[in-house]
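Chemist: With chain G held as given, fit chain X onto it using these hints.
Chains as they are written, first to last, in our numbering: chain G, 42 to 417; chain X, 42 to 417.
It should be emphasised that the hints constitute simulated quantities derived from the structure, not laboratory data. Among the clues, some could well be false.
Identical copies go unnamed one by one, so any copy, or any two together, can satisfy a pair.
Heads up, simulated DSBU-like pairs for lysine-lysine below, C-alpha to C-alpha not over 35 Å straight-line [what the hints assert, rightly or not]:
id, residue 1, residue 2
1, K312, K254
2, K344, K282
3, K359, K159
4, K344, K312
5, K282, K56
6, K282, K159
7, K112, K159
8, K56, K254
9, K344, K112
10, K66, K112
11, K282, K254
12, K359, K56
13, K112, K56
14, K312, K56
Number of protein chains: 2
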Amino acid sequence: MNAPDNNLGFVVAQKARFDAPLRLKSGAELPSFELAYETYGELNAARSNAVLVCHALNASHHVAGRYETEKDNVGWWDNLVGPGKPLDTRRFFVVGSNYLGSCFGSTGPASIHPATGKPWGADFPVVTVEDWVEAQARLAERLGIERFAAVIGGSLGAMQALQWTLSYPERVRHALVIAAAARLSPQNIAFNEVARQAIMTDPDFHGGHYYDKGVVPTRGLRIARMIGHITYLSGEAMAEKFGRLMRRGAPGFDFDIDFEIESYLRYQGDKFSTYFDANTYLRITKALDYFDPAADFGGDLTKALARATAAFLVVSFKSDWRFPPSRSRDIVRALLDNRRIVSYLELDAPGGHDAFLLEDERYHAALRSYFGNIEL
Amino acid sequence: MNAPDNNLGFVVAQKARFDAPLRLKSGAELPSFELAYETYGELNAARSNAVLVCHALNASHHVAGRYETEKDNVGWWDNLVGPGKPLDTRRFFVVGSNYLGSCFGSTGPASIHPATGKPWGADFPVVTVEDWVEAQARLAERLGIERFAAVIGGSLGAMQALQWTLSYPERVRHALVIAAAARLSPQNIAFNEVARQAIMTDPDFHGGHYYDKGVVPTRGLRIARMIGHITYLSGEAMAEKFGRLMRRGAPGFDFDIDFEIESYLRYQGDKFSTYFDANTYLRITKALDYFDPAADFGGDLTKALARATAAFLVVSFKSDWRFPPSRSRDIVRALLDNRRIVSYLELDAPGGHDAFLLEDERYHAALRSYFGNIEL
Chain G
42 MNAPDNNLGF
52 VVAQKARFDA
62 PLRLKSGAEL
72 PSFELAYETY
82 GELNAARSNA
92 VLVCHALNAS
102 HHVAGRYETE
112 KDNVGWWDNL
122 VGPGKPLDTR
132 RFFVVGSNYL
142 GSCFGSTGPA
152 SIHPATGKPW
162 GADFPVVTVE
172 DWVEAQARLA
182 ERLGIERFAA
192 VIGGSLGAMQ
202 ALQWTLSYPE
212 RVRHALVIAA
222 AARLSPQNIA
232 FNEVARQAIM
242 TDPDFHGGHY
252 YDKGVVPTRG
262 LRIARMIGHI
272 TYLSGEAMAE
282 KFGRLMRRGA
292 PGFDFDIDFE
302 IESYLRYQGD
312 KFSTYFDANT
322 YLRITKALDY
332 FDPAADFGGD
342 LTKALARATA
352 AFLVVSFKSD
362 WRFPPSRSRD
372 IVRALLDNRR
382 IVSYLELDAP
392 GGHDAFLLED
402 ERYHAALRSY
412 FGNIEL
Chain X
42 MNAPDNNLGF
52 VVAQKARFDA
62 PLRLKSGAEL
72 PSFELAYETY
82 GELNAARSNA
92 VLVCHALNAS
102 HHVAGRYETE
112 KDNVGWWDNL
122 VGPGKPLDTR
132 RFFVVGSNYL
142 GSCFGSTGPA
152 SIHPATGKPW
162 GADFPVVTVE
172 DWVEAQARLA
182 ERLGIERFAA
192 VIGGSLGAMQ
202 ALQWTLSYPE
212 RVRHALVIAA
222 AARLSPQNIA
232 FNEVARQAIM
242 TDPDFHGGHY
252 YDKGVVPTRG
262 LRIARMIGHI
272 TYLSGEAMAE
282 KFGRLMRRGA
292 PGFDFDIDFE
302 IESYLRYQGD
312 KFSTYFDANT
322 YLRITKALDY
332 FDPAADFGGD
342 LTKALARATA
352 AFLVVSFKSD
362 WRFPPSRSRD
372 IVRALLDNRR
382 IVSYLELDAP
392 GGHDAFLLED
402 ERYHAALRSY
412 FGNIEL
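The shape of chain G in the complex, shown without the other chains (with noise of 0.2 Å):
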C-alpha cells in the first residue's frame, strides 16, 4: 500500500486588487491596493469551511504547497497545511494573505505610487496589524467567505488572529492564537528598535529612498537578522544546535568566524538581506510595536478581549523567551474573564519562539484534534 498522498502539488499565488481607497489607523489613506494571496482547497457550498492563515515576520501568503516554476519554494508551513494534514485542505478552504506593507507581492514599499510613477519608498504609510485585518476582510468579501470558520496565526500572525475576532467578532468563529503576545514588552521593542536603528542609519538607506539609487541597506538589514534570529532561538537551543563548537578547532585570535554560532548568523543575516525589503521589515516591526488592543481600555486587556466571541486555542512554548508563556497566559485569563471557551496548550517544545513552525508531534496533534472539532 502507498502512503497516503498528503502533499499539495503546486499551488497558484493570486493577486486581488482593490481600487476603493483604505482609511489607515494612522489617518493615511492608501488610494488602492493589491493583496496577493493563495488558496488550498474549496469553498462549500455554505461557505462556512474557510480557514484564514495568517503570516508572521517573515512570510508570505505562500502558506503550502509549491510552485511549479520555483519546485523548491515549499510553503512556510506546509508541514501544517495539506490534505491529511492538521489542518485539512480535503476538509477546509484555506486562505493565506500576504499582509499589506510587504515585499512579497501586496502594496507595500517597493510599490510603484500611482500619482508619482515611482516606488513609494519611505513615503509609504505605517501600517498596522487593525489595517492588516482591514485590508484582510476585503479580500474575504471578495472571495465570498463572510464568517471565517477559523483564523491561525503565529507570533506576528497571532496578533493577526486576535485583531480580527475583535475587529470582525461575527466573521470569526475561531481563532488559533500561537506563540502570541497581546502586546510587546519594553524588551521586545528594544530588540526592534536596534533592528530598525541598524537599517535607518546604513548608508545606502538614503532616507527611505534607496529603490533608485541602485543600492539596498544590505549591512543594516543583515544585522536586524541576526539580532531576530537570537531573539527567534531559544538559549537552550543554541546550545544544543551549537554548543562552544570551533570551526577552526581552536581561537583564531582574529575576526574570522570562530563559533559555530557566529556563522550561522551571519550566514542568516546575509541571506535575509539578499531579499527582504528594509522599508518593510521598519514597518513590520513598527506594526509589531504599535498592537495592544488594551491600549484602548486603559491597559485592561479584559477589557479589551470582551469584543471576541469566537472560541479560542491559545498555544505557547516554554523555550520561547521573545514572547513566553506567561504572554499567553495573559491572553487566557482575559478571555476565561470574558467567559469565553478558550483551550490553552503549554508545550516544553525546545525550539524557542521558531517551534510554532516545527513540527512537534504533540503540537500537531492539538491542532489536528481542534480542527476536526470544528462543526461545518
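Modeler: This is chain X only, laid out in the frame that chain G set:
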C-alpha cells in the same frame, strides 16, 4: 555631629611602563606596554592588604574618587570603594588597573605602534583574560605586591578575578567573583558577534585602520552599545523603568522616537559612540568569547578549578539574564567539588546584569562583611 567623610576625594591616574616584551596567548608579542592604574589607601608594612579591582567592558582603572580637573568624573565603583565603604580604603590598599587593549589609558589599538610610529589599529593583537592577568601581575610586582589579599570584579572583571586564582594561585588569598560565568553561552557569543558585525560593516571602520582617516565607526559602535544595554538590563527592570510609555503620548506612525525605551537606547548608543574605541570593543568581546578555563580540561570545570587555592565569594543576581545565577552555581559547584572555601550569595536585586554596580543594601552588607573578615 557631621556624617563621617567616606569619600576618597581627588585621585590621580598613573601609568606604569613595561619594557620587557609580553608574550600573548595568541602567540603574538607586545614589545612593550603601559598599564593605566589608580591606587587608594596605603600598602601596609606587611604588604598584606592589597586588593585588585578588575573592571568590565566599559570601565577603567578609575574605580573610585574624582579627578581634580574633572570633578564630575566619579569612579565606576565609588559606591563600594572608599574610606568606611564596604571595600574600606582605610584598611585596604586598593589597585584599579585598566586592561591591555583598552581605550582609557593602557596600551591599546589607538596607541602608537613603536615600529611604525602610527596607531596599531587593526594590527593590535587579540588579547585574552589570561593576557590581562599576566600584565596585571607585572603591575603587582612593580607595586611591591607579592600576594593580593583579594582580587574582585564583576562580569568581565569577575572573569579576571577567577583567572587570577588559576594563573597565580599562590598570589591570591580571596577572590570575589560577581555576576560571572565560567564561559559564555552561545547566546552570549551571538550578541557579541552581532555587535562586532555592526562595527566591522560600518563603512567608517576601514578594516580597523580608521585613525588616520579622520572618521570613527560611530554607527556600528552605537548599535553595539544598544545591543549591549538590552542584555545588561533585565526585562522586568525595563518594564518597570520604561513600560510602554510613549514619548509623544500616542503612536507617531513614523520612525522617530515613540517609546521611552527607544529614547534610552538611542541616548546610550549615541553617548558611547563618542568616546569608546571600536577596535577595543572588538577585542574585549573576543576576550569574553574566548574565556573558558575548562576548555583545556575537556570542558570539566571542576578539573579546571582544581588549581585555585583562594577562598571565594561568588555573588549572582536573579534578574541577570546575561549571566544568570545558574552560571555562578556552576562555579560554586566546581569549587566545592575541589573542597575549596566558598561563600555564595544569590540576590533578587532587580537591576539585571548591571546589579553588580548598584547600591543594594544586602549586597553591600555582604561585601562589607566579607572584606571585614579578611585578616591582614
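Chemist: Can you give the numbers of the hints that this structure goes against, from lowest to highest?
Modeler: Violated hints (numbers, rising): 3, 4, 5, 6, 9, 10, 11, 12; every other hint is consistent with the structure.
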